[in-house]
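S.K.: First to last, the sequence lines map onto chains A and B.
Residue 0 is where the first sequence starts when you use numbering that gives the first Met the number 0, and the numbers rise one by one after that.
Residue 0 is where the second sequence starts when you use numbering that gives the first Met the number 0, and the numbers rise one by one after that.
Just so you know, nobody snuck in bad clues.
Examples of chain B residues toward chain A, derived with CB under 10 Å:
id, residue
1, L129
2, A190
3, E217
4, T251
5, I254
6, L255
7, F281
Calculated lysine-lysine pairs in the DSS-like style (CA-CA distance at most 27 Å, straight line):
id, chain 1, residue 1, chain 2, residue 2
8, A, K248, A, K107
9, A, K94, A, K29
10, B, K248, B, K107
11, A, K220, B, K107
12, B, K107, B, K94
13, B, K29, B, K94
14, A, K220, B, K248
15, A, K107, B, K220
16, A, K107, A, K94
17, B, K220, A, K248
Because the hints were derived from the structure by calculation, they are not lab data.
For every residue, glycine included, the Cβ atom is placed at its ideal position computed from N, Cα and C.
So you can see what is in the structure, the chains are spelled out below.
2 protein chains.
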Amino acid sequence: MILETTQQVYGKVALIGLGLIASSMFWAMKRRGVAGSVSGYARSEATRDTARRIGLCDVVCDTAIAAVADADLVVLAVPVGAMGAVAQQIGPHLKPGCTVTDVGSVKKTVIEAVAPHLPQGVHFVPGHPLAGTEHSGPESGFATLFDNRWSLLVPVEGTDPAALDRLRLYWERLGANVDVMDAEHHDLVLAVTSHTPHLIAYTMVGVADDLGRVTDSEVIKYSAAGFRDFTRIAASDPTMWRDVFLNNKEATLEILGRFTEELFALQRAIRTGDGDHLHDYFTRTRAIRRGIIDAGQDTDAPDFGRTKLER
Amino acid sequence: MILETTQQVYGKVALIGLGLIASSMFWAMKRRGVAGSVSGYARSEATRDTARRIGLCDVVCDTAIAAVADADLVVLAVPVGAMGAVAQQIGPHLKPGCTVTDVGSVKKTVIEAVAPHLPQGVHFVPGHPLAGTEHSGPESGFATLFDNRWSLLVPVEGTDPAALDRLRLYWERLGANVDVMDAEHHDLVLAVTSHTPHLIAYTMVGVADDLGRVTDSEVIKYSAAGFRDFTRIAASDPTMWRDVFLNNKEATLEILGRFTEELFALQRAIRTGDGDHLHDYFTRTRAIRRGIIDAGQDTDAPDFGRTKLER
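Looking at chain A on its own, in the form it has when it is part of the complex (with noise of 0.2 Å):
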């Protein structure tokens, strides 16, 4: 295919929405010439500031529909609650055979929320990065952020077989592995990978903070390896995370009954002192993580491979 052999996937790329995805997609695209040009628009007038500061979009507009204006790929880049309205409101302006794409944490409520506003002729590839980092905004973004990580398409019915290659292409081409799933599977296993910890992750992180015998002090000063991770994850977008359980209620709710299932029989585990069924639910879970590793889906080393190597 000739696009194999040229660093350029799409001619004018527009990024809707200049957050922590957004921008690490934009310097990937730089890093390898991935896009013409890029296009970029942010519903905050104080982002669009700190992107143009930044040198983040070879031009940001201040409308989306400014931003979509001819361009050939359009990333919807927006929290999934906000995902419907961006749509109904750029659709009538989207250049006929282009691509639109998203990157949501939540398939199946987008795709409902998008479809409808996407005119005929324009090809609709759902689509979900998995990177991340626990900051945000438009100076949180860096090159190497998909380097190595999964990018889930989901492709609805009727999806243009090129128009998806396309897509592939570009996302292996911002470093990404690309494979292709259908949205209820996509919510299932982002519930159980990603959602429902991170649910878990925001509880704890409150219980600690609402118990009255220790304080916040205490908690904080001598918070060991294990909670540091926790707070980590709890300080994510909240705007974010709200709308994917909201979004992603069915799986979340459902890994959660397992979940609770389990926690209440390792519970009774401690409480009858049975020791030899809580070593061996831990040394089943240690061979998980040499699992992990061994995929390549993180590193041994201390930093988790996210170090910023480049922009």
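For chain A, the structure is supplied; the task is to place chain B on it using the hints.
M.R.: For chain B alone, kept in the frame of chain A given last:
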């Protein structure tokens, strides 16, 4: 005090158990000449062989009794459940006037298990350095593990103030900050900041592994940042953690009760679509994280301040 102006705090230090903590203590002692000499003992012959091969300890002994001979400080660095048996064994062989400490994550039951075996004239000053990684064994230690971390000292009734001061100085020379608290409070604080978070991480990793409709391979491939952090926590030493939960039963069960209560409240918010409740909760936990960074207990950098700088 004269000790302030010299590097050496104890003449001979004996390390009983040669895992992550003890080996890090050794390299931290060597870094600043904190001890005149260091003897070591591990129950497993393989561990002793490894220690000899990598130069861990000035002398590695084949019995705990040989290791503690003439020692000025004896450090019990074995799993919490093994402390009592070790104390019983070495008790009659301790040098009069020496100090015995430990590094267990639980203090009340360790004190109950160890204190009865120590002869009159030996100072018992229990301790707990709040530092670690998910790795274990004699090769996992590094000199900077305790730098700017807290080490808690938990004196028992009748502890000699001079022995306490000396041990405090020792930990400061190893790089740590030192605080003193009683055993009951220690066990509650740690239940909040470390023990319950670990149990939760173990549980979530187990749930992911159990789920039939999502394969292990998918969990591993698509594990996002939140889950990856959980797997790291859940990879910690199974024996150590079994003993922690069996020995800090009361406080852990109390915190688990509060945790499930708060989790159910968030679960209800998801079910009823109460976005404001979720957003408020997540905003509050973000502020707590900021407090932890401001208090210097973690860094904003992606390596979590755990970089191995030197040996």
